[in-house]
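There are 2 protein chains.
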Amino acid sequence: MTYCCGLRLKDGLVFISDTRTNAGVDHISVFKKLFSFGVEGERFIVIQTSGNLATTQAVIGHLKNHLALDQKPHLYSVNTMFEVAELIGHTLKRVIADVTTDPDEESNYYCNLLVGGQIKGSAMQLYHIYPQGNFICATSDTPYFQIGESKYGKPILDRALSYDMPLDEAFRCSLISFDSTLRSNVSVGMPLDSLVYRKDSLHIPLGKRIYSEDPYFEHISKQWSDALRRGLQNLPKPTDDYWL
Amino acid sequence: MTYCCGLRLKDGLVFISDTRTNAGVDHISVFKKLFSFGVEGERFIVIQTSGNLATTQAVIGHLKNHLALDQKPHLYSVNTMFEVAELIGHTLKRVIADVTTDPDEESNYYCNLLVGGQIKGSAMQLYHIYPQGNFICATSDTPYFQIGESKYGKPILDRALSYDMPLDEAFRCSLISFDSTLRSNVSVGMPLDSLVYRKDSLHIPLGKRIYSEDPYFEHISKQWSDALRRGLQNLPKPTDDYWL
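Read top to bottom, the protein sequences are chains F and D.
FYI, in UniProt numbering the residues of the first sequence are 1 to 244.
FYI, in UniProt numbering the residues of the second sequence are 1 to 244.
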């Protein structure tokens, strides 16, 4: 399985993806699921992938190939993030159609993508692109999207995340969402790939790969567990009528 | 959907179930999914249900009918909790076979059950009974089972619950697991039915129905949200290399 989470907040974008793929429990590998593109000072684009690995690799492969051969439209020729999402949606649709057009077979090749970024002169955007090639756009009401094994990590985002939150706090919130998922589901695995983009910087961040022994991640994971246990102990005892 | 959670701990058993059923988003009802049986001073049995409502009601109906007509074997005639689980598993298997024996159809009528309790002279047990009628048993390594929409509420159980935990703390942990699920998934809904059984008491608890305006539940839900937000704010900031 996979877990990817993308946030579009007032001050910027946050992306975290795991790297575990599995074809059965005895065929586990590490594959990158977070890809960044861009032209320094002009545009920055991130794609996060979940689902059929051959499909997602083909989508990324086609996008890169068009860039390499300057076959327009490509990621650096389109004018807006909306057109970026359309281009990627069409690419995804075509990749699946190349494998099968049988409606009963199609879903075996499905993938979901998160696409975020900013192009000079327009606002940051974050899209969730469906296997059918259509997509939805994050808003201040719903500032995050998840793909893959999303349920374990959703409660902390629903409870603590807000559009106006400082970027570093949102990043920690997102890391905790991953920590919760990693503990409860073995199909999501370290290392994680993370990227933080500051609004209007048009700078392409290097990002950081977080390994299982990463001291910062280990530290906040432990501190978070302690905070939860303490929080639980501090909750008032149930009243007597709960015990009759 | 449904969320039910059962704990078998050193000091007793804890059961919480939601009450929402849905056949499509426009057909939502309240149905009890936690049923208790017993003979004061002799045996105490709880059944929690998820899945096809006609199936679960038929299982409970047959079990009650056999008790009413004293048709043995029934819940008060068998000798051990293992035999209770076998009886319920067989009943479930028969109920599904009465509707269909077509393997392609069967899964439409599936349900999962948690069965816990104690019979005088033997240890408390907690079983997860599968649609096929077979079952697994909770242990001190794995002291809890969930059925239904279980993923949202699993991280807090995985992080904070332990076999040796005091019953009241485990009860709060379980309530928080429900609060997290209720916030992230509308197919799980209030009121909740809860029951706490103290080891070797052989007392049949009344249990408590927790409505959405329940002051204790509201209080711990708010206090928990505050604790999480504070915990998140107190986590150290990421080091600079996360931001390049």
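Keep in mind the hints are simulated off the structure, nothing from the lab.
Every value quoted in this text rests on a predicted model; they were computed, and no experiment measured them.
There could be a bad hint or two in this list.
Label-pair distances were calculated between CB atoms; the ranges are [stated by the list, open to error]:
no., chain 1, residue 1, chain 2, residue 2, range
1, F, K10, D, E105, 39 to 45 Å
2, F, L69, D, N22, 49 to 55 Å
3, D, K222, F, S140, 41 to 47 Å
4, D, K199, F, N234, 43 to 49 Å
5, F, D102, D, R198, 54 to 60 Å
6, D, N134, F, T142, 39 to 45 Å
7, F, N108, D, N108, 53 to 59 Å
8, F, Q233, D, D241, 45 to 51 Å
Chain F regions said to be covered by chain D (calculated; three or more residues, Cβ under 8 Å) [stated by the list, open to error]:
no., region
9, 73-87
10, 90-100
With a straight-line Cα cutoff of 30 Å, these simulated DSSO-like cross-link-like pairs (lysine-lysine) come out [as the list claims (entries may be wrong)]:
no., chain 1, residue 1, chain 2, residue 2
11, F, K237, D, K237
12, F, K237, F, K10
13, D, K32, F, K222
14, D, K93, D, K237
15, F, K222, D, K10
16, F, K72, F, K120
17, F, K72, F, K32
18, F, K237, D, K32
19, F, K237, D, K199
20, F, K10, D, K120
21, F, K199, D, K237
22, F, K237, F, K72
23, D, K199, F, K10
24, F, K237, D, K64
25, D, K64, F, K32
26, D, K72, F, K222
27, F, K120, F, K199
28, F, K32, F, K10
29, D, K199, D, K237
The C-beta atom is built at its ideal place from N, Cα and C for all residues, glycine as well.
Each hint, compared with the structure:
In this structure the supplied range 39 to 45 Å is violated for F/K10 paired with D/E105, their Cβ-Cβ distance being about 51 Å. Taken as a hint, the range 49 to 55 Å holds for the pair F/L69 and D/N22, whose Cβ atoms sit roughly 51 Å apart. Distance hint check for D/K222 and F/S140: the Cβ-Cβ separation is about 24 Å, which falls outside the suggested range of 41 to 47 Å. The hint said 43 to 49 Å for the Cβ distance between D/K199 and F/N234, and at roughly 26 Å that hint is violated.
Between F/D102 and D/R198 the beta carbons are some 58 Å apart, a value that agrees with the proposed interval 54 to 60 Å. Range check, D/N134 to F/T142: about 42 Å between beta-carbon atoms, so the 39 to 45 Å window is met. For F/N108 paired with D/N108, a C-beta distance near 22 Å fails the hint of 53 to 59 Å. Roughly 35 Å separates the CB atoms of F/Q233 and D/D241, a value that falls outside the hinted 45 to 51 Å.
Given a C-beta distance limit of less than 8 Å, the hint that chain D covers the region 73-87 of chain F is violated, as 0 residues qualify and 3 are needed. Requiring three or more residues with a Cβ within less than 8 Å of a Cβ of chain D, the coverage given for the region 90-100 of chain F is violated, as only 0 such residues are present. Proposed proximity of F/K237 and D/K237 is contradicted: the alpha carbons are some 33 Å apart, above 30 Å. Of the pairs offered as hints, the one joining F/K237 and F/K10 is violated, with about 39 Å between alpha carbons and a cut-off of 30 Å exceeded.
Distance check on the hinted pair: D/K32 and F/K222 sit about 38 Å apart at the alpha-carbon level, beyond 30 Å; violated. Straight-line distance between C-alpha atoms of D/K93 and D/K237 comes to about 54 Å, which puts the hinted pair past the 30 Å bound. Distance restraint check for F/K222 and D/K10: the Cα-Cα separation of roughly 26 Å lies within the 30 Å cut-off, and the hinted pair is therefore satisfied. Taken as a hint, the F/K72 and F/K120 pair is honoured in the structure, with Cα atoms around 19 Å apart against an allowance of 30 Å.
Only pairs whose Cα atoms come within 30 Å are accepted, and F/K72 paired with F/K32 is accepted, the gap being roughly 26 Å. The suggested pairing of F/K237 with D/K32 holds, with an alpha-carbon distance near 25 Å, which does not exceed 30 Å. Only pairs whose Cα atoms come within 30 Å are accepted, and F/K237 paired with D/K199 is accepted, the gap being roughly 19 Å. Only pairs whose Cα atoms come within 30 Å are accepted, and F/K10 paired with D/K120 is rejected, the gap being roughly 61 Å.
Between F/K199 and D/K237 the CA atoms are separated by roughly 19 Å; this keeps the pair inside 30 Å, and the hint holds. For the hint pairing F/K237 with F/K72, the CA-to-CA distance comes to about 65 Å; that exceeds 30 Å, so the pair is violated. For the proposed pair D/K199 and F/K10, the alpha carbon gap of about 53 Å is over 30 Å, so the pair is violated. Taken as a hint, the F/K237 and D/K64 pair is broken in the structure, with Cα atoms around 35 Å apart against an allowance of 30 Å.
A C-alpha spacing of about 55 Å is found between D/K64 and F/K32, which places the hinted pair above 30 Å, so the restraint is violated. Simply put, D/K72 and F/K222 have alpha-carbon atoms about 53 Å apart, too far for the 30 Å limit, and the pair is violated. Annotation: proposed proximity of F/K120 to F/K199 holds, straight-line Cα distance about 11 Å (limit 30 Å). The suggested pairing of F/K32 with F/K10 holds, with an alpha-carbon distance near 27 Å, which does not exceed 30 Å.
Straight-line distance between C-alpha atoms of D/K199 and D/K237 comes to about 45 Å, which puts the hinted pair past the 30 Å bound.
Of the hints listed earlier, those the structure fails to meet are numbers 1, 3, 4, 7, 8, 9, 10, 11, 12, 13, 14, 20, 22, 23, 24, 25, 26 and 29, in rising order.
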